[in-house]
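*Asks:* For the record, the sequence lines run as chains A and B. Take 422 as the starting number for the first sequence in the numbering used here and just add one per residue. Take 422 as the starting number for the second sequence in the numbering used here and just add one per residue.
If you are wondering where the hints come from, they were derived from the structure by calculation, not from laboratory data. Virtual Cβ for every residue (Gly too), placed ideally from N, Cα, C. Do not rely on the hints blindly, as some may be mistaken.
Away from chain B, derived, C-beta distances all over 12 Å, residues of chain A [unchecked claim]:
# : residue
1 : 493
2 : 528
3 : 565
4 : 660
Listed below are several chain B residues computed to face chain A (Cβ distance under 7 Å; list not exhaustive) [as the list claims (entries may be wrong)]:
# : residue
5 : 445
6 : 581
7 : 691
8 : 721
9 : 724
Sample of chain A residues with no beta-carbon within 12 Å of chain B, all distances over it, derived [claimed, not checked]:
#  : residue
10 : 499
11 : 537
12 : 715
Protein chains: 2
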Amino acid sequence: MQENSHIPATDSDVERLVVGVDVGGTKIAAGVVDPYGQVYSRVQLPTDTDGPERTLQSIAAGIEEAILAAGIRKEQIHEVGLGIPGIVDPEHGIGLFSANLGWKNVAVTRWLEDTLRLPCVIENDVSVAALGEHLYGAGQGVHTMLYMSLGTGIAARVVINGRLHRGSHGLAGEIGHTVFVPDGPLCLCGARGCLETLASGPALARLAWEKIQAGHITLLSDLDILKRGEQLTAEHLFAAIAQGDSLSKQIVFEAGAHLAYAVYLLAMSFDPQIIVLGGGLAHEENPLIETVRSEVARWTTRSPVFQEIWAPDMLRLTALKRDAGILGAAALVSASDAIRKL
Amino acid sequence: MQENSHIPATDSDVERLVVGVDVGGTKIAAGVVDPYGQVYSRVQLPTDTDGPERTLQSIAAGIEEAILAAGIRKEQIHEVGLGIPGIVDPEHGIGLFSANLGWKNVAVTRWLEDTLRLPCVIENDVSVAALGEHLYGAGQGVHTMLYMSLGTGIAARVVINGRLHRGSHGLAGEIGHTVFVPDGPLCLCGARGCLETLASGPALARLAWEKIQAGHITLLSDLDILKRGEQLTAEHLFAAIAQGDSLSKQIVFEAGAHLAYAVYLLAMSFDPQIIVLGGGLAHEENPLIETVRSEVARWTTRSPVFQEIWAPDMLRLTALKRDAGILGAAALVSASDAIRKL
Numbered sequence: 422m423q424e425n426s427h428i429p430a431t432d433s434d435v436e437r438l439v440v441g442v443d444v445g446g447t448k449i450a451a452g453v454v455d456p457y458g459q460v461y462s463r464v465q466l467p468t469d470t471d472g473p474e475r476t477l478q479s480i481a482a483g484i485e486e487a488i489l490a491a492g493i494r495k496e497q498i499h500e501v502g503l504g505i506p507g508i509v510d511p512e513h514g515i516g517l518f519s520a521n522l523g524w525k526n527v528a529v530t531r532w533l534e535d536t537l538r539l540p541c542v543i544e545n546d547v548s549v550a551a552l553g554e555h556l557y558g559a560g561q562g563v564h565t566m567l568y569m570s571l572g573t574g575i576a577a578r579v580v581i582n583g584r585l586h587r588g589s590h591g592l593a594g595e596i597g598h599t600v601f602v603p604d605g606p607l608c609l610c611g612a613r614g615c616l617e618t619l620a621s622g623p624a625l626a627r628l629a630w631e632k633i634q635a636g637h638i639t640l641l642s643d644l645d646i647l648k649r650g651e652q653l654t655a656e657h658l659f660a661a662i663a664q665g666d667s668l669s670k671q672i673v674f675e676a677g678a679h680l681a682y683a684v685y686l687l688a689m690s691f692d693p694q695i696i697v698l699g700g701g702l703a704h705e706e707n708p709l710i711e712t713v714r715s716e717v718a719r720w721t722t723r724s725p726v727f728q729e730i731w732a733p734d735m736l737r738l739t740a741l742k743r744d745a746g747i748l749g750a751a752a753l754v755s756a757s758d759a760i761r762k763l
Numbered sequence: 422m423q424e425n426s427h428i429p430a431t432d433s434d435v436e437r438l439v440v441g442v443d444v445g446g447t448k449i450a451a452g453v454v455d456p457y458g459q460v461y462s463r464v465q466l467p468t469d470t471d472g473p474e475r476t477l478q479s480i481a482a483g484i485e486e487a488i489l490a491a492g493i494r495k496e497q498i499h500e501v502g503l504g505i506p507g508i509v510d511p512e513h514g515i516g517l518f519s520a521n522l523g524w525k526n527v528a529v530t531r532w533l534e535d536t537l538r539l540p541c542v543i544e545n546d547v548s549v550a551a552l553g554e555h556l557y558g559a560g561q562g563v564h565t566m567l568y569m570s571l572g573t574g575i576a577a578r579v580v581i582n583g584r585l586h587r588g589s590h591g592l593a594g595e596i597g598h599t600v601f602v603p604d605g606p607l608c609l610c611g612a613r614g615c616l617e618t619l620a621s622g623p624a625l626a627r628l629a630w631e632k633i634q635a636g637h638i639t640l641l642s643d644l645d646i647l648k649r650g651e652q653l654t655a656e657h658l659f660a661a662i663a664q665g666d667s668l669s670k671q672i673v674f675e676a677g678a679h680l681a682y683a684v685y686l687l688a689m690s691f692d693p694q695i696i697v698l699g700g701g702l703a704h705e706e707n708p709l710i711e712t713v714r715s716e717v718a719r720w721t722t723r724s725p726v727f728q729e730i731w732a733p734d735m736l737r738l739t740a741l742k743r744d745a746g747i748l749g750a751a752a753l754v755s756a757s758d759a760i761r762k763l
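Starting from the given sequences, assemble the full structure and let the hints guide the process.
*Replies:* Rendered as structure tokens:
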């Protein structure tokens, strides 16, 4: 896709242009999108996290830049959709809690609507990515799917009959903070042994670092970044595996096995058509994803009921990758339109 | 409720009388029910499992007896709803597989409709119980709930926005056949260490029996039934606990802790408003249910995210008890009506 595609010709399409905004803890990505998921502009700017007002100002700036970059007037924008990390109240447009943004009860849509004079809708960022995959990505044409984000954090979100299943508190699909190993590593959420402490990007790095500190022999010890005092990442482990590093292999295998159990649990719970993996650790095939695939396959040999539920092609990787946030936030507008029409 | 209540006065209610049928492996229960969940008759007869045709004949006999017992004519029955154990295809009215009935691909509704000249709908028996609790029982007024059946088998079924979430293969909520202890006891389903092998009624009895055989000291050894060669049941363990039997206490505690983890997993996955426990082991409070309650409460102290999701009054016991099957099957008719109206 180009950075700036031509603007659609028909009036009805023009009327339905939206801005999708992916609000992250470090950067804000925004873009103008049409109902077919065509992205007309993409802008990115740093998130000002020096208080909610400053953060809202940087979000508003991102939206205006995206409109400018698409070469259209603000009046041509139908609505703005935003994906926000943490717990949100979409009905009242409030960011209830976000560790990344330092938010507690921030009236997001009211502030933005007053400032921009454009209708705004918000939702949790992983929910938004799930909607994006459903409408424009790996879940097109599927009525019931799970989207599982693997990266710095781990979370799943659920689309049932084409609609986001939020649950009573917007926390349906909280597999990342489900305890898999009681008395395991302490999680940022306060619990011990959550999946996130066993299989997220930072967890892989931490597990490797602990082994290096304990004197384990590994190719990772020779990395220049360690000598420079920089942080290990999952990518370093994947690269080391390619060179035959057995410690990295072991760590990634164990994390992948935990993720496979998560996929198994979610499949047994929801009996979905597909499960889409997204987030930084699932943009493409890698040793972690390979392990997830092979370990999920092993669950089918262990459990005849799971064999009824599962087929290998049900596990898909994101089709949207870095556009997932923008397209998801745009899909949120369609979803909220659909709900209003009910 | 009386065995035979008076028949409703208004024509519109009379038009909407249905027969609810609970088809079990040993007995068939059927009753005439009005749209308000009032049961006008209850009949019970043994299930003839000597081939599908004989089973269907006993089901048809149950339906006719229920109509007769309600003192009404067949023409007053709007529809028949049936709860069938095992995997069913409600769309085509086929019993795909039932270990209890010895069924494989039985065209249930076609046979019954040809024989009775009444429209019939079928669904899995636990799904039907879930719908019954939702419409007439512990889940009235709730839009999203899980129903978990604890008895000879263990299974959960899911109601989302007032509708049964079946999943792609009708297997959503298959927590009973989810592996909790890899390499655990062999389950009837073919897997090892399913929840059902750790916490069902037969599992409790088996675990106690194994300990007795291994020479453990327990009040259970003195039971007359054992001397007569009869089978232990969960009720025997509950009675022994009341007398201070520590082995029974230990076994029931471990089973309850597994069930509590199941409740925790389902709550983290679906974020429901309530979870209703039904089935033979959950008709009333008992040491198993007490353990589930206290262990679920312990998960809230371990996990702040679960604390957001959970409140003690979310765990409810069935309000329908032995009428769950009949009322659930009747609720299925309402549910299928609702779907047809969409």
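*Asks:* Just double-check residue 528 (chain A) for me: nearest Cβ-Cβ distance to chain B has to come out over 12 Å.
*Replies:* holds, 21 Å
*Asks:* Residue 493 (chain A) clear of chain B by more than 12 Å, beta carbon to beta carbon?
*Replies:* Per Cβ check, residue 493 (chain A) is outside 12 Å of chain B; nearest 37 Å; holds.
*Asks:* Does residue 537 (chain A) clear chain B by more than 12 Å, comparing its Cβ with all Cβ atoms of that chain?
*Replies:* Per Cβ check, residue 537 (chain A) is outside 12 Å of chain B; nearest 31 Å; holds.
*Asks:* A closest beta-carbon separation below 7 Å is what the hint needs, so does residue 721 (chain B) meet it against chain A?
*Replies:* violated, 10 Å
*Asks:* Does residue 581 (chain B) pass the interface check with chain A, least Cβ-Cβ distance below 7 Å?
*Replies:* holds, 6 Å
*Asks:* Verify this label for me: residue 660 (chain A) is non-interface relative to chain B, using a Cβ-Cβ cutoff of 12 Å.
*Replies:* holds, 31 Å
*Asks:* Going by Cβ atoms, does residue 499 (chain A) stay more than 12 Å from chain B at every point?
*Replies:* The claim holds: residue 499 (chain A) sits with its nearest Cβ about 27 Å from chain B, beyond 12 Å.
*Asks:* Any CB of chain A closer than 7 Å to the CB of residue 691 (chain B)?
*Replies:* Result: holds, 6 Å to nearest chain A Cβ.
*Asks:* Does the CB of residue 724 (chain B) sit less than 7 Å away from some CB of chain A?
*Replies:* holds, 4 Å
*Asks:* Confirm or reject the statement that residue 715 (chain A) sits farther than 12 Å, beta carbon to beta carbon, from all of chain B.
*Replies:* The assertion about residue 715 (chain A) holds, with a minimum of 16 Å to chain B.
*Asks:* May I ask you to test the interface hint for residue 445 (chain B) with respect to chain A, counting a Cβ-Cβ separation under 7 Å as satisfied?
*Replies:* Since chain A brings no Cβ nearer than about 21 Å to residue 445 (chain B), farther than 7 Å, the hint is violated.
*Asks:* Minimum C-beta separation from residue 565 (chain A) to chain B exceeding 12 Å: can you confirm that?
*Replies:* Contrary to the label, residue 565 (chain A) does not stay out of reach of chain B, its closest Cβ about 6 Å off (not over 12 Å).
The structure does not agree with the numbered hints 3, 5, 8 stated previously, though it agrees with the rest.
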